[in-house]
Every structure is written in structure tokens, then in C-alpha cells.
Amino acid sequence: MKIKKIEIRITYFILNLAIFLLNFKNISLLSIIISNILAILFILLFEKTNIYKYKLTKVILTFLSLFFLTYYLNKVTIFIGDNILREYSIIMISLTLLLAIFFLGNKGYHTIIKVILLASYFILFFLIIGYLTTIPYFEFKNITTKLFITNNLFLNTLKYTLLIIYTYFLIYPLSNTKFKTKDLVITNIYQLLTYLFIIGILSLTLTNIYEYPYITIFKKVNLIGFIERIEILPSLNYLFIFFFLLLLSFYQIKYNLNILLKKKNLKYLLILLFILIFLLSLITPRYYILNHYLHSM
Amino acid sequence: MKKILILILLFMLTGCSSYIELNDLAIINTLGLEKVNDNYKLYASIVNIKEEESLEPEIETYEIEGNSLNQIVDNLSLTLNKKIYMSHLNLLIINDTIKTQELDEIINFFINNNETREDFLVINTNNLEKVIKNSKFQQINDLVENSSRETSKTIYTTMYDVIKNYYDKESIYLPYIASDITLEGLKEFKNNTYKEIKSDDVIYLNYYLNNIDTYKYSITCHNNQNKYLYLNILTSNTSNFKNELLITNEIKIISNDCNYNQDEINNLFNNNLKSNLTKYTNKKITIKNTIRGTYEN
Amino acid sequence: MNYIEKIKKESNSADDYIYKEIKLKNNKINTINIETITSSEDINNFILKRISILDNLETDSLTNYLFNYLPATTTEEITDYDKLKSKLLNGFTIIIINDKNVLAIETRRDLTRGVAEASYERSILGPKDAFIEHYNTNLGLIRRRIKDINLHIKTIELGRSTKTKVGLLYLKGIVKEDLVNKTYKRLQKINLDGIIDSNYLKKYLNDSKSLFPTIKGTERPDLASTALLEGKVVLIVDNSPEVLILPTFFIDFFHTSDDYYQKPINVTFIRIIRLISFIIAIFLPAFYVAITTHNPDSMPINLLLSFQSQRMSVPFPAFLEAILMIIAFEILRESDIRIPSSMGTAISILGGLVLGDAAVNAGIVSPIMIIVVAISAISGLLIQSVEAINSIRWYRFLVIILSSIFGYYGIFLGIILILTNLADTKSEGKDYLYPFAPINFEEQKDGILKLHNQGEKHRNPILSDNKVRGK
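Chains as they are written, first to last, in the numbering used here: chain V, 1 to 297; chain E, 1001 to 1297; chain H, 2001 to 2471.
Quick caveat, the hints were computed from the structure, so don't treat them as lab data. Honestly, I wouldn't trust all of these hints.
[Said to hold, decoys possible] Here's a subset of chain E near chain H, in silico, CB distances under 10 Å, partners left out:
no.	residue
1	Val1047
2	Asn1081
3	Ile1084
4	Asn1134
5	Gln1138
[Claimed, not checked] Below 25 Å or equal to it, Euclidean Cα-Cα: the simulated BS3-like pairs (lysine-lysine) are:
no.	chain 1	residue 1	chain 2	residue 2
6	V	Lys2	H	Lys2085
7	H	Lys2172	H	Lys2209
8	V	Lys146	E	Lys1164
9	H	Lys2209	V	Lys267
10	E	Lys1130	E	Lys1198
11	E	Lys1227	E	Lys1130
12	H	Lys2128	H	Lys2006
13	V	Lys5	V	Lys53
14	V	Lys141	E	Lys1288
15	V	Lys4	H	Lys2445
16	V	Lys146	E	Lys1035
17	V	Lys141	E	Lys1274
18	V	Lys5	H	Lys2467
19	V	Lys219	E	Lys1279
20	H	Lys2009	H	Lys2025
21	H	Lys2467	V	Lys2
22	V	Lys107	V	Lys219
23	E	Lys1035	E	Lys1190
24	V	Lys219	E	Lys1169
[What the hints assert, rightly or not] Simulated restraints, written as ranges between beta carbons of each label pair:
no.	chain 1	residue 1	chain 2	residue 2	range
25	H	Pro2315	V	Leu147	27 to 35 Å
26	E	Asn1191	V	Phe148	52 to 60 Å
27	E	Asn1113	V	Leu132	47 to 55 Å
For glycine and all other residues, C-beta sits at the position ideal for the given N, C-alpha and C.
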């Protein structure tokens, strides 16, 4: 069965949201705008040249995916350890997460896209609920001109541009649907608004202090005396979004290996891959943005 | 079968390290912190539940001393034989011995602890031990919340505000509670010193900070000292422009024994507000009022 | 050769086989019938009476006369022994004329009950009749609703001993032909001793490993007719009051026949309730375990204190308490199904009220746990399919175990497992989660929401090529 355009757009939206949230601490308003414009230009260029068919692209993408899968597996594991399952061995969380990724990733792209679509209904529902509950805490005075001033603008913009282009390539193994500029712009305007929304609620100072500002905004919620302490729902919601980024990174590796090695059955290779990613994610150091910020005060 | 095996394996491997029964929690409701001879002294109110369903939960207060906050919490956990659970903390009481250095440690403690939520009230008092031992469950919280909402004579300061103002290097305003558990205005913390602000002055500070919810205002009549003009300020908004302070009020007249007309009321109210606001700003002050109610009896 | 001797030998002289020999002047006529499945009144009135007045005819002309003038709906001339046997076992009376010519005349006795009210798929609005254990009656109930010459039937006899008649119904012009052919081929491949009920076929028509049923059985003729009009295939099995509808999508378990007899806005509301109850049925106990054992920070202080006081005297950990309560509920439910209805009230009072109350007072379980399990169990019953309800049970256990190990993260893992399982499922080659994944917004208007009225213009594109309704 053919995968529809709308399904690809939803997947792209979710992947971009994951990248946006996982890099929330490193980006600024300016870097979002610049890197999105750059990324859109690149993507439109790729649409014409179709560089995905070259072998070299596939090799590069495989290694890139391996890197990002490991890096973000570590990051998402820490996210779970901080927000959902405290006081738990990080090893167990990343092991189970990796198991879930391999379990679903080996089912084929039809199943993957169907799971993403099903989850997207819930993701959308909880995103809307999130906006509705936090909007009473939005204050315009928090949005100041300081938002445009950032250190390391060049490096951050470059990184973010690369990541957006990377999410574009994650879609490729599923379908080679052509994107329209409109679809890309909508996704990016959404990110911009979300960024402003979070800053508007939390103020720039607190946004810089907290590791997960997009969770912290929900800790403020206390409506009609009973709707409070709801941050677990957005945490789970974001976890789904992050999970799909990891999942498609894995699928990219598997898909490319299948084509490059010209083998149907990659059973032993996948077991090796599992162990490799698991070990790599353990070695990847956990870094504290928070403490860094505090010392620089 | 394979899945069940994996489940059982997981169960045995993890040993449920984060599993905790509700009755093993020591739920901390209120924390009091002061510094005595280079040591922290911590008072912790712990909510205990009796099996008989009583309306009021029983509160026990513990006293403990130590070098650092983390050490104190560990010691407390050892004495109680329970897990210290800070996520339902709703009040932090400090006194004048807590200065910049200590505040830095407190903020660091709360930010780095993912379990806590920084939406609890922070107050200042001169008699910490008495206040914490005599106050009832959520009593102070309700007192401060009500008085800030109904009379605007204090500011409901959460830990978020403290953190934000601390890093923005602005004044931190804390509600000031006397030893007989009554509100006595605010304490302003700036440049490592505390300064007291009287209840009646807090209203004008709130005007300056755009914090006014609603309050009642009374003036004696100029022709008869025994008669009063009562006003209810329903809403107020302050816009802080570059060289102008624009205040808009919505006022309802409760009783007008002096038979003032609209202009007289306007002038009386505005002059009083302007003269009191000059303490905080040199900007030009513009006040716009909409007054409802009867002018003459 | 002698048919009578042969039958006597093979049936081991069963005493409900009636053999009668009528000796006329020139001719000898033998009749065989099985007393238990034939109507002796019909035999007396329409066969024996006629035969006795006959005489003086040649063998062939006698056969000819009987064939043409006996007042029976089905009369057949039989040439081989196997056919004779099958006719005899199907309630025909066999007439052997001069040991030479053989006729089979239908004298079947009506062994079924009358059309009754639906027993487990109840509805307030709409028709009340239900299928019964008789093939022709069931077919008639559908024929009465769809008066279309295009309503085609492919019949097949299944089961070596039972020789059960299975009819495959479809509406030509609406249904996709490959669905009919594929299903028919699958039916042909079935090799069994006996088909006692339509549910026997489910295993053979189903190739998914999912816990959820991919074939829906229904006892409502209106539901079966709606399915036919949508382009689905309906299987009627003789002796079974349940007909099978295939393919069945996940969303079909959230639809009832009432939904099409009411205003769309009310239907939307009740369907959302059904979806929520489905989610509650699976996740509520797990959510409770997660919230009390891993993340007490996500409940307000008053709730936390209330939970704490309730769990004070309970000796079991929350996870074990939940499992025990769910098993207790399953025991109650099973006992309620098995015992006669006259004793049912006693069991429900004893089990539900007395035991529940006593257990709370004795401090074995906390009241909140009883509430949680009861809500979860009741929510699970909103779906009108026993199989779907039973599959919810497994998911519930899976998620509870995961959440007791991993808290909310376990629930996340559980959702991933369930979604993968559902997304992997296919019903007759069609995506089980259609129209949600893959997306079809037009069809979603009759998914969880119901946005359009009876005058829907389009047919489901994955069930029918003939997309416009009313043509």
C-alpha cells in the first residue's frame, strides 16, 4: 500500500518537533529563523538533485544515524530518568528503550508509520491540552529583545540546520514524497511560536536555568484547584516524540545496511548493532548544562 | 513466550529500584531554614496520617543541624527511616540569616533536585521556630494567598520568582510573617540585606510591579473626620513605558458619605497614588480610572 | 445390489432408521427415513397415501408418476449410493421402487426455534430479531432486508462428519471480487471432522497473531446487512446463531447498530465514551500502580494523603493487590456466566457486595483499589464483543506488570507494544486500524466521530471499487 503525503508530513512534523525540543537549550530565536531558512533552501535543492540514490550518501547517512541514535538515546534516557522514572538505573532504561526500538524497527516501514500515525492523534491531543492549560501563565513582558542575543550563534545555527536536514533524510526510507515549501514553513513557524510561548511563560532567565523548560512550564499549572501536577502527561507525550526520532534513525541504519550489503536477513548484524549502540550510549558522557550555567554567572 | 521471558528477566534484573510504597514516604509540607553559627538549622514539618480518618492531618516538626543542605536531608532521612519526599513541599520559611551565599545554595539544591517543584511559597519571619511549630497545615499558604488576592498588601512569592529575581539581580520580595502568624507586609532582599516594607506601602509597590489584583481603599472626608469614602479597586493594570508609568484602574464605589462627585474622587485617589509612587520611580505617572457606582447618597 | 442391507449394516441397525416395505400387486416399494429428523406426518400424508392407491403401473412409469405428482418441494432421482446416504442424513425420505429406481423426497422436520430477540448484542432502537440455528431462516432474515438480485451466495459443505452447510454472502457490484475469491479459497482448504459453530471457522480465516479479533461475529441481521452493503462478506453457518463478518476493522468494535438509527451528534458522544472506556479498561489499574508506587508526586497532596491512609493496613504491595483484585473479578465474571441465571443474583450479591465490603473492612484490600478495578472492569464491558473483551484482559495484565516495574515509563512501553501489535494486524489483508492508520479523513467521519448523516455519499474505498453510493 502506498504511503500518503499527509502521513509523511505528520511524520516530518513529529521528527522536527523532537529535534527542536531536544536542542531547546542550544538554540535561540535567531538561530531558529536562520537555520530554518537555510534548511528549507537545502531541502528544496535536494529535491531536485535526488542525492539519496548515491551509495556515498547512504554510507554517510548510516554513520550519521548511528551517531545520532547513540547520542540521542543517551539524552532521551536521561530525560526519562529526570522526569518520569527517577532513582532508576540509567542502564535499564536505555536497554529497554533500545529493545523497544529494535522490536518496532524490525517490523517494516508500514507498521512503523502506522504506529507513528496512531500516536500522532494522542500527541496532537496532548499538545493542545498543554497549550490550553499553560496559556493563563503567558506574560508578554517576558518576551524581550534579549531573545535575539545569543552566544555561539554561528555554531548553534549550523548544528541546528544540519539536524533539520537530517530529519528530512530520515523520511526517505519510508517514501520519496516531494515536499512543498509550504509544509516545511508550517513546521518551522510552529517551532518559532512554541519557542516564544515557552519563553513567555517561563521568562528567559528560568528557561536558561532549567534543563527541560518545556516540562517546567507545566509545573506552574494550577487551575481550579485540582488541575495541577500534570507534567507527567506532557513528559510522556514528549517521550513518544523522541522515541520516533530514535526509531526512524534506527530504521535508516537498517534500511541502508540492507541495500549496501545486499542481504535480506541481518539478524546477527542487528544483534551486533544492538550491543554497539548500547555500549556507545553508555560511554557518551552526561553533561550538565545547568551547572555550566551556574558557574558562568 | 519470548516476551514473557523478557519481562520476567527485566523484573529480576531491575529489582524495582524505584518502587516505593506510599507509607514509606515522609511527606514534607513545610521547611524552615536558618543559619546558626555557620551551620544550617532545618525545621521540617512532616505530614503524618492516622488510620482513623481525621479531618486534619497530623503534623510533626523535626529539627536538625548540618553543614550543607544535602547533608541535612540525608540526616533527616536516617532519623525518620523513611524516604524524604519534597515534591509536596508548599512552604519554605527563612529568616534574615539567609543571605546571598545561602540563597545560592538553596536555589542550587532545588534546581538540581528533579523531584521538587519550585512552585511553593517562600516567606520570611523573625521567629522561625515559633512560626513553624504553631502554624497548621497549609494555614500560612492560605493566609498569604488570600491577602495578596483580596487586599494586595503582600506578594505571593514562589520559589520560581525567587530564582528568577536572584539571577536577574533584582530585589526579592518575601511576605513577612510575625511570630503570632499574622502578615506584616514584605521583606525586600537586595544587596545582601533585608529591608522591611509596611503593609500599606506594599499596595504602591504592587502598583509599580503591576501586581494589583483587587483591594479596598478608604479616605476620610475633608469636611467630616468621622465619615469615609470607600472604594473597591476591582482591576488594575500598570504599563511600564520608557519614561512613563501608565496605570488604568477600574473602581467601584462602595459608600460615598462625603457626597463627592466624580472629579473629586478621581483627584483624591490619583494624588494619593502619585505621591506614594514617587518612592519607586521618577517617571511621569499617568492614571486613568473608570469609576462605577453612585456619587451621592 | 441391496441398498437397504447396506444401510442397515453401516448404520449398525440404529433404531431411528425406519424401513417400510409396501407390496402392491405388481410392484414392491421400499421407503427409508430417519424418524428423528423427518416429519412423519408429511410422510403419511404426502407419500404413503399416494403410494397405496397406485397399482398396475410399470416400474419406470411408476417412478415417473411419483417423481412428478408427489406434492413435495424437492424430489430427486438418485443413482449412486453416496448421494443416497447424504440425502437420507439430511432428512429426506428415500423411496426404492422394485429395488431398481431410487427417489429422494424432502420431508425434513423443523428442528429449530423461532426467531427470537437478540440476547447479547442488545440495542434500544432498531430491529430486535436475531439469527437462529437454522441456515435458511438466517439467510431469509438477510434476504428480507436486501431485496437485490445481486446478493449472491456461494455455498460449500464443510466437515467430514457434520457436512455443515456454509454460505458465503456478498453483494456483487459493491464487494471487491478478490475478497470473495480469497475467502472462498480459504474455506475450501478447511479440512475438519466437524464444524459445530461458526466460531470454528475464525481460526482458519484469520492469519494474524493479534489478541484482538479480526473477524466479528454477530447475531443481528441488520448488522450483517449493513456489512453487506458496505462491501463486506458475510458467512452463514448452519446450526450457528452467529454469522461472521469479514474483514473487520478495529473501529467496528466501537460501532453498534444503534449508531445508525440516531442523530450523529449523540452517536459521536457515545463513541467517544466508548473509546475512553476502552483506554480506561486497559490502563487504569496500571496507572494507579504507577502513581502510587513510582510517581506519587503527580497527585495533589489531599489525594496522596487519602491514598496513604487507605493503604495503611493493607498487607500487600499495590501491584499484587491490583493483580489479586483483577483475578477475583474474573472469577466472579466466569461464575456468573456458568451458573444458571436463577442463582446469578445470589452470586453477585455475595461476591460483589458482601465480599467486597468485608475485604475492605478486614483491611485486606484498600477501597480505592476496589474502585479502580471495578471501573476498569465495567469499562471493559462496553464493547459488544466477548472476544474483544477477553483480549483487553491480557493487555491489562501486561501493562500492570510493566508499570509496576517501570512506572509511567512502563505504561509508555506498554502503549508501544499494544500499538505495534495493532498496527501489525491485518484482517483479510486489509489494515486493521483503517481509517486511522493509514489515514482516510473521509472515512474518519464515521470512525470515532460521526459527522455525516445517513445520506453518506461515498463507500469505503478499501472495501469497494464502486465508490459512489446509490448507484
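Checklist entry - Does the hinted range 52 to 60 Å hold for asparagine 1191 of chain E and phenylalanine 148 of chain V at CB? => result 30 Å, violated
Checklist entry - With 10 Å as the cut and Cβ atoms as the points, is asparagine 1081 of chain E at the interface with chain H? => result 16 Å, violated
Checklist entry - Holds or violated: are the alpha carbons of lysine 219 of chain V and lysine 1169 of chain E at most 25 Å from each other? => result Cα-Cα ~24 Å, so holds.
Checklist entry - For the hint on glutamine 1138 of chain E, does the least C-beta distance to chain H fall short of 10 Å? => result 8 Å, holds
Next on the checklist: Next pair to validate is lysine 5 of chain V with lysine 2467 of chain H; report whether the Cα-Cα distance is within 25 Å.
Outcome noted: 21 Å, holds
Checklist entry - If you draw a straight line from the CA of lysine 2172 of chain H to the CA of lysine 2209 of chain H, is it 25 Å or shorter? => result 31 Å, violated
Checklist entry - Within a Cα-Cα threshold of 25 Å, do lysine 2467 of chain H and lysine 2 of chain V meet the stated pairing? => result Distance ~19 Å between lysine 2467 of chain H and lysine 2 of chain V Cα, so the pair holds.
Checklist entry - Is the shortest C-beta separation between isoleucine 1084 of chain E and chain H less than 10 Å? => result Nearest chain H Cβ about 13 Å off; hint violated.
Next on the checklist: So if I understand the rule, the pair passes when the alpha-carbon distance is 25 Å or less; does lysine 219 of chain V with lysine 1279 of chain E pass?
Outcome noted: 35 Å, violated
Next on the checklist: Would the hint on valine 1047 of chain E be counted as holding, given a Cβ-Cβ threshold of 10 Å to chain H?
Outcome noted: Holds: closest Cβ of chain H sits about 6 Å from valine 1047 of chain E, inside 10 Å.
Item to check | Pairwise hint evaluation, lysine 1198 of chain E against lysine 1130 of chain E, where the allowed Cα distance is 25 Å at most | outcome: 22 Å, holds
Item to check | lysine 1227 of chain E paired with lysine 1130 of chain E [C-alpha distance capped at 25 Å] | outcome: 40 Å, violated
In summary, the structure is inconsistent with hints 2, 3, 4, 6, 7, 11, 12, 16, 19, 20, 22, 25, 26 and 27 from the numbered list given earlier, while agreeing with the others.
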